[in-house]
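Number of protein chains: 2
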Amino acid sequence: MEFSIRKGHKEDMESVYRLIHELAIYENEPDAVKISVDDLINDGFKEDPEFEVFVAEVKGTIVGMALYYKRYSTWEGKSLHLEDLIVNKEYRGKGIGKALYIEVMRTAYDNDINRVEWEVIDWNKPAINFYLSTGATMIENWNLCQMNRKNLKIFLDKHEGI
Amino acid sequence: MEFSIRKGHKEDMESVYRLIHELAIYENEPDAVKISVDDLINDGFKEDPEFEVFVAEVKGTIVGMALYYKRYSTWEGKSLHLEDLIVNKEYRGKGIGKALYIEVMRTAYDNDINRVEWEVIDWNKPAINFYLSTGATMIENWNLCQMNRKNLKIFLDKHEGI
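These protein sequence lines are chains G and H, in that order.
Just so we're aligned, residue 131 is where the first sequence starts under this note's numbering, counting upward by one.
Just so we're aligned, residue 131 is where the second sequence starts under this note's numbering, counting upward by one.
Bound-form chain G, shown alone (with noise of 0.2 angstroms):
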């Protein structure tokens, strides 16, 4: 099968959040994505722009995504980090996605960038094994924390002052 990597711009980001869409579904969190296709032109395409992303195109339709942005590590310096790597499932098993992987570490090395980081569930073996296939580590004994808006409102409503 035929298929072009691209960086993407301001019109794909209709069938970027499309991808975005069908992973959180795939992700069993179909209620996940909070963003809209204007919070993507928005926030990815003014002047400093918080991601980019490549597309993978078939017969001129975007079947694929990598979306990443720049980290900061104190152990290592400039870090990248790939928030998102989807292929439509209909187009899997065909090299896209290894070809869009290929793409941000390109990108990731031409930059100076002293490491690329990511996250998988754990239960999404043919990703992990992927991964590991192409030299990466990964690293199970730490946990992601997050603190959403909602939340974040309610404890300093709590250390008003402090």
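Among the clues, some could well be false.
The list makes no distinction among identical chains, and a pair is therefore deemed to hold if it is satisfied within one copy or across any two copies.
[Claimed, not checked] In silico BS3-like links for lysine-lysine, alpha-carbon gap of 27 angstroms or less:
no., residue 1, residue 2
1, 164, 137
2, 283, 224
3, 140, 200
4, 255, 283
5, 228, 280
6, 164, 283
7, 208, 137
8, 255, 224
9, 280, 137
10, 255, 228
11, 137, 219
12, 283, 228
13, 228, 189
14, 189, 219
15, 137, 288
16, 280, 164
17, 208, 283
18, 255, 288
19, 176, 208
20, 189, 140
21, 224, 288
22, 176, 200
23, 137, 189
24, 200, 137
25, 280, 208
26, 280, 255
27, 219, 140
28, 137, 283
29, 255, 219
30, 219, 164
No wet-lab data here; the hints were simulated from the structure.
Fit chain H to the supplied structure of chain G, relying on the hints for placement.
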């Protein structure tokens, strides 16, 4: 004990580096810190800085710090990552860590951030208990993946021209 919290400046990076190194030792990774004081100065105090930092002072000495930067979630939108929250071991249990944490959370809230994220090593029960008590959620079924620059080069060399 009296302490104060303020934004960190270039001149504080030597103390910040010392704390980063102290945490690496606590986490049984004494050789993990590859960056230098100069890297912190160059990366944190350029036009588009890679991170920001709060420091905690007791009688003019820096005894703690919280280092953070922007991230982006394709579910929640604008996010802030708390990379390190460190208090020198002789000054723990005095509310300094909590004060730094509040300052980061307040910064996130005031900047319309939808989610604050960080990572915690699974045996650091005092830290985990504190985070949970503030309303944070801990996610245990996601694993961190990392690709360092050395393995990045090996991987890309194998896939040159793709």
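Worksheet item: Which numbered hints turn out to be false for this structure?
Response: Those not satisfied: there are none.
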